[in-house]
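Peer 1: Here is how the chains run, residue by residue.
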Amino acid sequence: MSAPGAGRPFPEAAREALRDSQLRRNVGKATTTIRAKRAAAVAELPDWEALRAAGSAIKARTMATLPDQLERLEASVTRAGGTVHWARDGAEANAIVAGIAKANGADEVIKVKSLATDEIDLNDALEREGIHAIETDLAELINQLAGDWSSHILVPAIHRNRAEIRRLFERTIAQGRELSDEPEALTEAARVHLREKFLSVPVAVSGANFGVAETGTIAVFESEGNGRMCLTLPRVLVTVMGIEKVVPEWRDIEVFAQLLPRSSTAERMNPYTSFWTGVRPGDGPEEFHLVLLDNGRTDVLADEVGRQALHCIRCSACLNVCPVYSRTGGQAYGSIYPGPIGAILTPQLRGLDQAPTLPWASSLCGACYEVCPVRIDIPTVLVHLRGRVVREVEGKGRGEKAVMQALARVFGSRRRYETAQKLARLGRGPLGVLGGGAPGLGAWAQARDVPEIPAQSFREWWASRERGDGGGGDPGGGSGSGDSPQAAAGTDLGRAT
Amino acid sequence: MRAALFITCFNDTLFPGVGRATVTILERLGVEVDFPAEQTCCGQMHWNTGYQLEAAPLARRFVRTFGDAEAIVCPSASCAGMVREAYPRLAALAGDDDLASAAADVVPRVYELTEYLVDVLGVESVGASFPHRVTYHPTCHSLRALHVGDRPMRLLRAVRGIDLVELDEADECCGFGGTFAIKNADTSIAILSDKLRHILDTRAEVCASSDTSCLMHIGGGLRRQRAGTRTMHIAEILAAQE
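Keeping their order, the protein sequence lines are chains A and B. Going by the numbering used here, the first sequence opens with residue 1, and the numbers climb by one from there. Going by the numbering used here, the second sequence opens with residue 1, and the numbers climb by one from there.
Keep in mind the hints are simulated off the structure, nothing from the lab. It should be emphasised that the depicted structure is a prediction, and the values quoted were computed from it without experimental measurement. Where is the CB? At the ideal position from N, CA and C, for every residue including glycine. Just so you know, not all the hints are guaranteed correct.
Stated by the list, open to error - If you want the footprint, here are the derived chain A segments under chain B, 3+ residues with CB under 8 Å:
hint	segment
1	381–387
2	451–459
Unchecked claim - List of simulated lysine to aspartate or glutamate pairs, EDC-like, C-alpha gap at most 20 Å:
hint	chain 1	residue 1	chain 2	residue 2
3	A	LYS29	A	GLU182
4	A	LYS29	A	ASP124
5	A	LYS422	B	GLU38
6	A	LYS37	B	ASP171
7	A	LYS102	A	GLU129
8	A	LYS37	B	GLU169
9	A	LYS197	A	GLU164
10	A	LYS37	A	ASP47
11	A	LYS29	B	ASP171
12	A	LYS422	A	GLU392
13	A	LYS29	B	ASP201
14	A	LYS197	A	GLU182
15	A	LYS197	A	GLU286
16	A	LYS37	A	GLU267
17	A	LYS29	A	GLU267
18	A	LYS102	A	ASP124
19	A	LYS29	A	GLU164
20	A	LYS37	B	ASP168
21	A	LYS29	B	GLU169
22	A	LYS422	A	GLU460
23	A	LYS29	B	ASP194
24	A	LYS401	A	ASP353
25	A	LYS102	A	ASP68
26	A	LYS102	A	GLU287
27	A	LYS102	A	GLU71
28	A	LYS197	A	GLU127
29	A	LYS29	B	ASP168
All chains should be modelled from the sequences, with the hints used to inform the complete structure.
Peer 2: This is the structure:
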């Protein structure tokens, strides 16, 4: 199903999400836990910064030579007995997958957890063709059964707790049975349901973490082993891979195999890492199709600052450290790519006018950049995209633009600035934004008191001191000054004398 | 030793006490302080909100105003970070080679206050006395743009009489984020509520920081709650001789 509220303004979707105390508890707890674990896993490696630099360099090289790398990949996969398809957009990719399923007489396909296929709404497209896609990743299965949408790149059902999942399973795949809230009981119920599908469904669909141009090898990193089942048991395997997932050489995997697990699950190595190269008689699928998906990626590549978003290896470390994501959860972002990476990827993939509020869904705290295993400078890209939205998206915030231009004019001249400071004390003029009666004040004041504007600016104090008539009394305006007597008393107590 | 004070428009207009405290500290340590009155705003708000070309004249104004200064000292991590990190990018975006070379010339002389005290003056004890229970919010731009590390804490630990308490989850953003606090007010407040909880858990009288913008947000929340904890800029504590 499509992301709910795609295109809905982030502040509005966030406001709703923030009211959900269950979500706040689940997402807050999960992100806090994984944050600490990631830090510990990363601290074990003395060459972590060198690995990050290497990851970044490999991705930069890939992007600079992308057409060549993709053609190398196509040749390698073909040589190994696979078939390569090129899809300009989601519709083309979906049609290719549906065509392969139909050609094999399948009315069901089993799926490995895949962001690329969620991005293009593959399941809905297949359903329209009479083909039912069965998610085999536990969290994806939970969301599918609940008719719900992902809230995290790695842990799509992070917003759900065990009791909710038990009730869901008792209604669906474990009807008539009574389960407990224990993880073992819940996974067992899913396992019984899925094993039968692994053995009977003829076509599997996966995404890819990496595709090696040199050898034609495709890689999937996973935790549960359901992926391994899908990749090995069915007769036909279809992999939908974003074109940015190609890496030039086999040796490049060494770097990412260290960066990815520690960043995403805080593990030294994830439990199941599958590599396959084309097909091999008597071993695994008899047919392998690789669908190379563009869907906006070449447009992203054209933006010199924004293109680093394509370096993402989908580890989700940036989500877990983000103060915004860890409060709103993922669904507020209206995209399969939530959190800081989603805020720079979604508007670029869909077009800035389709997600114009996402670049502002960040306080620019920089925690994402600090943890990114391939050093994507997310804050810089956010600011860059804000600029592009302001300059390129029609009708975007006309009132805001007027305020910003007025302020730029004030700050452009000392005289105008000093006059505006005086007017601000009266709650007037462009700098009134600082003290009262300004647009946005309501939003500020709903939970925060507004500071009073002191009677004397710093520059006035400085000028009077230079003249030799300053220094008498307390001119006010300490950083703790406020409008309550309590706060004011505190300020005087704390001020230098 | 001479230093030009880059006060920031925010402190100049709303929190002049921070500027006075900065002058007090620097003069106490024998620095001759200059205040170039042509300074206005560094352009951070315009830059971060997407009005980048509007920030270009402000950057030109800054490099002109501070071009000759021996050292430029700023009691705001985010404004110092703006000059240091964004000016070169802004010059490139505006296609302004003169600004690019002027920025490259000025940037190495821009110091956030605690950097200047510790790195240039080589002091940790600035002769302050402040017998109160204090916790410190390190601010995102101090940590992740300027990388000031533990310099502020070293300065605070050397204050006579201070009862300095560690803040839980100190590295996390307070939720201010400039215009983020207004454009995404609900999320900003949700982040703030956790920051306030950690601050109140310390039982500190004072929450200090190196950015008054964060403090306006945190302090606005504390005052709204009548919490009894007040906010102070680190300069005001380092200037205190109680």
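Peer 1: Is the Cα-Cα distance between LYS102/A and GLU129/A 20 Å or less?
Peer 2: holds, 9 Å
Peer 1: Does ASP201/B sit within 20 Å of LYS29/A, going by the straight-line distance between their CA atoms?
Peer 2: holds, 19 Å
Peer 1: Is the Cα-Cα distance between LYS37/A and GLU267/A 20 Å or less?
Peer 2: holds, 8 Å
Peer 1: Is the hinted pair LYS197/A and GLU182/A satisfied, with a Cα-Cα distance of at most 20 Å?
Peer 2: violated, 24 Å
Peer 1: Taken at face value, is the distance from the CA of ASP168/B to the CA of LYS37/A at most 20 Å?
Peer 2: Holds: LYS37/A and ASP168/B sit about 17 Å apart, inside 20 Å.
Peer 1: Between the alpha carbons of LYS29/A and GLU182/A, is the straight-line distance 20 Å or under?
Peer 2: Satisfied, since the Cα-Cα distance of roughly 18 Å is no more than 20 Å.
Peer 1: Is the hinted pair LYS37/A and ASP171/B satisfied, with a Cα-Cα distance of at most 20 Å?
Peer 2: Answer holds: LYS37/A to ASP171/B is near 16 Å, not above 20 Å.
Peer 1: Starting from LYS197/A, check that the Cα of GLU127/A is at most 20 Å away, please.
Peer 2: holds, 17 Å
Peer 1: Compare the distance between the alpha carbons of LYS37/A and GLU169/B with 20 Å, and conclude whether the hinted pair is satisfied.
Peer 2: The hint holds at about 15 Å.
Peer 1: Assess, step by step, whether the Cα of LYS401/A is no farther than 20 Å from the Cα of ASP353/A, and give holds or violated.
Peer 2: Judged against 20 Å, a Cα distance of about 17 Å means the pair holds.
Peer 1: Taking 20 Å as the top limit, are the C-alpha atoms of LYS197/A and GLU164/A close enough?
Peer 2: violated, 24 Å
Peer 1: Holds or violated: LYS37/A and ASP47/A, Cα atoms, limit 20 Å.
Peer 2: holds, 18 Å
Consistency with the previously given hints fails for numbers 4, 9, 12, 14, 25, 27, ordered from lowest to highest.
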